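S.K.: Sequence:
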Amino acid sequence: FERHSSGLGLSWGGDVIAIRAADGTILARFFCDAWIRTAAWSPVLKRVVAGDAAGRVLFLRWIE
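Positions 1 to 64 (my numbering) are the ones given, in order, by the sequence shown.
Please keep in mind that the hints were generated in silico from the structure rather than gathered at the bench.
Bear in mind the structure is a predicted one, so any value in this text is a computation, not a measurement.
Hints are not guaranteed to be accurate.
Across the chosen pairs, the derived CB separations fall in these ranges [to be verified]:
id : residue 1 : residue 2 : range
1  : Leu8      : Arg61     : 18 to 26 Å
2  : Ala22     : Ala54     : 28 to 36 Å
3  : Ala54     : Phe31     : 16 to 24 Å
4  : Val57     : Ser11     : 17 to 25 Å
5  : Val57     : Asp23     : 26 to 34 Å
6  : Ala21     : Ala54     : 29 to 37 Å
7  : Ala53     : Asp23     : 25 to 33 Å
8  : Gly55     : Ala21     : 27 to 35 Å
9  : Gly13     : Ala54     : 17 to 25 Å
10 : Gly14     : Ser42     : 20 to 28 Å
Here a beta-carbon is modelled for each residue, glycine too, at the ideal position from N, C-alpha and C.
Could you put the whole structure together from the sequences, leaning on the hints where they help?
M.R.: Quick look at the structure:
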């Protein structure tokens, strides 16, 4: 689980990333094409970036 200064946090497991509010409420979930090993907010790209075990960047898809 990774917490940011904005109070938002990221949690991930398997192939899903969740963006959480300070109280733990899930605000958004994203599905990835592979198993997630790392995830972080990229201020340059202004989006969540995830990587797999091989160090490849994963593409995220919004879960409705």
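S.K.: Are the hints correct? Go through all of them and say.
M.R.: Cross-check of the supplied hints:
1. Leu8 <-> Arg61: 18 to 26 Å: holds (20 Å)
2. Ala22 <-> Ala54: 28 to 36 Å: holds (33 Å)
3. Ala54 <-> Phe31: 16 to 24 Å: holds (19 Å)
4. Val57 <-> Ser11: 17 to 25 Å: holds (19 Å)
5. Val57 <-> Asp23: 26 to 34 Å: 30 Å Cβ-Cβ, so the 26 to 34 Å window holds.
6. Ala21 <-> Ala54: 29 to 37 Å: For Ala21 and Ala54 the Cβ distance comes to about 32 Å; the hint holds.
7. Ala53 <-> Asp23: 25 to 33 Å: At roughly 32 Å between Cβ atoms, Asp23 and Ala53 fall inside 25 to 33 Å, so the hint holds.
8. Gly55 <-> Ala21: 27 to 35 Å: holds (30 Å)
9. Gly13 <-> Ala54: 17 to 25 Å: holds (18 Å)
10. Gly14 <-> Ser42: 20 to 28 Å: holds (21 Å)
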